[in-house]
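There are 2 protein chains.
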Amino acid sequence: MTIDHTHDPALRSWVASANVNDTDFPIQNLPYGAFRRRGTQEPLRIGVAIGDQVLDLKLAAQEGAWSPETAALLAPLAAGDLNAFMAQGPQARHAVRVALSAALSEGSEQQSALQPCLVPQVEAEMALPCRIGDYTDFYAGIHHATTVGKLFRPDNPLLPNYKWVPIGYHGRSSSIVVSGTDVRRPLGQQAPGPDGVPKYGPSQRLDYELELGALVGTGNAQGSPIPMSEAEGHLFGLVLLNDWSARDVQAWEYQPLGPFLSKSFGSTLSPWVVTMEALEPFRAPFTRPEGDPQPLPYLDSPHNRERGAIAIRFEVLLQTAAMREQGLPPHKLTESNFRDAYWTVAQMLTHHASNGCNLQPGDLLGSGTQSGPEAGQGGSLLELSSGGKQPLALPGGETRTFLQDGDRVFLRGRCEAPGARAIGFGECAGTILPAPAVPAA
Amino acid sequence: MTIDHTHDPALRSWVASANVNDTDFPIQNLPYGAFRRRGTQEPLRIGVAIGDQVLDLKLAAQEGAWSPETAALLAPLAAGDLNAFMAQGPQARHAVRVALSAALSEGSEQQSALQPCLVPQVEAEMALPCRIGDYTDFYAGIHHATTVGKLFRPDNPLLPNYKWVPIGYHGRSSSIVVSGTDVRRPLGQQAPGPDGVPKYGPSQRLDYELELGALVGTGNAQGSPIPMSEAEGHLFGLVLLNDWSARDVQAWEYQPLGPFLSKSFGSTLSPWVVTMEALEPFRAPFTRPEGDPQPLPYLDSPHNRERGAIAIRFEVLLQTAAMREQGLPPHKLTESNFRDAYWTVAQMLTHHASNGCNLQPGDLLGSGTQSGPEAGQGGSLLELSSGGKQPLALPGGETRTFLQDGDRVFLRGRCEAPGARAIGFGECAGTILPAPAVPAA
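Line by line, the protein sequences give chains A and B.
Counting along the first sequence from 1, when you hit position 294 you're at 294 in the working numbering, and nothing is skipped either side.
Quick note: to get the working numbering, add 441 to the position in the second sequence (first position is 1).
If we strip away everything but chain A, and leave its shape as in the complex, we get (with noise of 0.2 Å):
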């Protein structure tokens, strides 16, 4: 793949709000989503963000002139029907970019067709971009990986397995929700008290972690691996992911097949999918510090070596229910940059197949936390407050070792780069509400 026209910089849409600089999605972005119009049952439709706007690819399937090969590779998209078109290739995901670029572009002789095929996004309710059939989380963040390792075994932070292993565990598909779902309070068991008897009630160490989610588009056959020279063309795109855990349910169930319901009550995924061609720019080369081990070969590649990352700027921020009362804004509690992630998407995807496994269209890899190298870019509250040791003071006041009731936790990425248009991933956002009543026994 290479930066073609729909990357230029000094590419202007028709839809105004796609021109404005701090937009996350100018015509250089064009990401995919699922959405119905706010207050309706109808069907979902996908659809594709420019500015504040929705293009309705249902509508714009009709009511563009369309050459008979895009009209083709719109079909499934005019059908609602995303992991259709994620089963289709880069390729096909390509030819409509173009086509989509051109349409929406500053004199396109499609805009008075198309003008009708927008909706704004404050009146589209989105929903998960696509089915998720198998969610996977890897931990390909080495510095959440050292601090939350330090907290859960001070003798032995990072493993053997971590620099040759892109460790990874299944994830639970059923409860991820899309960004402003809100989020329940898990109870759980944790570990026992004096009385030597665990407990079972609300977690009361309630944690987000910052992640990025990869969405596979091609599949691969039970039984045949994906090699690394192959892996880009089996990846649609990119999404922001919070995984919500659950430290204290965690700490006691994770020994010894992994977490479990820690994690599974709730995952939020952000609408917006972030195609891979749209990336392009934002390639960096993957590299390994001095002294660790290169990766085996089954998980290298010159292009991956060449390009295998990508610099994605996050932000989580944090908004409690009395700095929404008094009006205070979200505020900044990390930064970090997928950069610096120990593994490549690629790698993930390749190393996920390398059994044989069989990917799916719209399976999910989570990349783990992405927590910066310094001190204060953990990508989590239990990195941020040291085990729950030393909390966080906000605006307003209030101090924070782990999430309480009402707290809404916002992930941002973005992408910028010298000669390259920004693009971004808008919002994945969630609030937690109260713990359910313990049922009766």
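Be aware that a few hints might be false.
Stated by the list, open to error - Here are the simulated EDC-like pairs of lysine to aspartate or glutamate, each with C-alpha atoms no more than 16 Å apart in a straight line: (1) B:K499 with B:D522; (2) B:K640 with A:D300; (3) A:K199 with B:D741.
Just so you know, the hints here were simulated from the structure itself, not pulled from any lab data.
Note that this is a predicted model, so its numbers are computed, not measured.
Based on the hints, put chain B in the right spot on chain A.
Below, chain B alone, put in the same frame as chain A:
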């Protein structure tokens, strides 16, 4: 739920093969499966096993004489959608069971209408019975957990949480296959040798795991736990599950987040779902060994104490390629009983939803490996061969520590109780194919 006329051991079917003693599918069983006629590509149909036949429910719904209520309940089955039927819950299922039992009974007026709706099982190509959204694997075999714990952690076999938490972890849904599907030996990363560099290649320690699978019927809303008193109402039925495992990959990858690629290359399910109704005569008290803690209140109920366990006798058999060539039958490696599980399926389900995680119709809960309490009752080769140190002798002069290419593993399950007609699960079988080539770098 109670024992009713459908369990009467004297009940006989006009399908003669259902009346022979050793059939797994007498009229008292009536398990559901998905099939098409072998060699065709027609859409999957739902059928009920009866003797050596399948009652095609698409045809049966058309041809039989059913009350309007029964006809409505049969509709999702006639449409080939077991998940929709699962979602209807136990009362619907019981009503259909009563209707099918009457229609298939000796002397039924429906015989002439339904006879043409039978398909010989040898002509039916079975598929997975339903869409499995999420697959979770528990670890409820305490004898397995203890034996394997000793191999992985000699000083610490059973962790402090084991007797309090129904330990479980998320599994891979996409690679679950139906009995009879060949399974390719996985490639995978294995611990470093003397050179300090891990290897990537075919697993040398490939194993099976004898498990029971529970399929969820009705689901729950996210954020709403399922109390123990309602757990049984959310269970649809049980299957056999072979959780193939690459022990060398597992040993190297599993810290700190649990098994991943050592399991996700394939899991094999038996095709026939034995419903909770059919299992009623085989329920048994759930007890804890003297001195062990009782379950926390959220995992306890009178019904669970009185009838939470289920007596299912398991067998594992192995037939190597050489044994097939010599005409030797499968050789029994082990047997165990689900009555010995440390947690009941209701406890697994309630624990799973105890954090608010939403379960959905068709979700699969694996029981973990079901080893018996005695030496030689290990539910995996890891146990039977003491971690590969003690080869097992096979008929024909071969030995095995772990599985070789061409080996075929059979799981069987059968329920017997005084005064009840015995029922069975059919077969869960798979043959190991050679590993794929290591992809070029």
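For each hint, the structure was consulted:
1. B:K499 with B:D522: holds (11 Å)
2. B:K640 with A:D300: holds (14 Å)
3. A:K199 with B:D741: holds (14 Å)
Every hint from the earlier list agrees with this structure, and none is contradicted.
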